[in-house]
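Colleague: Sequence:
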Amino acid sequence: MNKRTIFLLSAVLVVIIVIAAINLAIKKYEKEPVSPANSPLKQEPAQTEATPVENKAEQANEDIETEPPIPTNRPLSY
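Numbering (the working numbering), first residue to last: 1 to 78.
These are computed hints drawn from the structure, not numbers from a lab. Ideal Cβ positions, reconstructed from N, Cα and C, are used throughout, including at glycine. Hints are supplied without guarantee of correctness; some may be wrong.
Listed next, with one range per pair, are the computed distances between beta-carbon atoms [as the list claims (entries may be wrong)]:
| no. | residue 1 | residue 2 | range |
| --- | --- | --- | --- |
| 1 | Leu24 | Met1 | 26 to 32 Å |
| 2 | Lys28 | Leu8 | 29 to 35 Å |
| 3 | Tyr29 | Met1 | 37 to 43 Å |
| 4 | Arg4 | Asn73 | 56 to 62 Å |
| 5 | Asn23 | Met1 | 27 to 33 Å |
| 6 | Ala25 | Lys3 | 29 to 35 Å |
| 7 | Glu30 | Ile70 | 49 to 55 Å |
| 8 | Pro71 | Ile19 | 52 to 58 Å |
| 9 | Asn73 | Val18 | 48 to 54 Å |
| 10 | Glu30 | Thr72 | 28 to 34 Å |
| 11 | Asn23 | Ile70 | 48 to 54 Å |
| 12 | Asn2 | Lys28 | 38 to 44 Å |
Make a model of the complete structure from these sequences and hints.
Modeller: In structure tokens:
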């Protein structure tokens, strides 16, 4: 067998192994059927109270909005 044949056979083997690995991963993480009681369409309303982490995130967003723009040496109009 020459080098090209060995390369092609090894490439085919790698493709087969990758397909088998993907197939196993899909089977492993495949979801069970959803019963009507656990339907994602029937969900409780989310909490409206903000957590401290969310408050910090909102404060960070406000800080970003209130920062002055970075000065540049370009003229404002062309």
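Colleague: Need the list of violated hint numbers for this structure, in ascending order.
Modeller: 10
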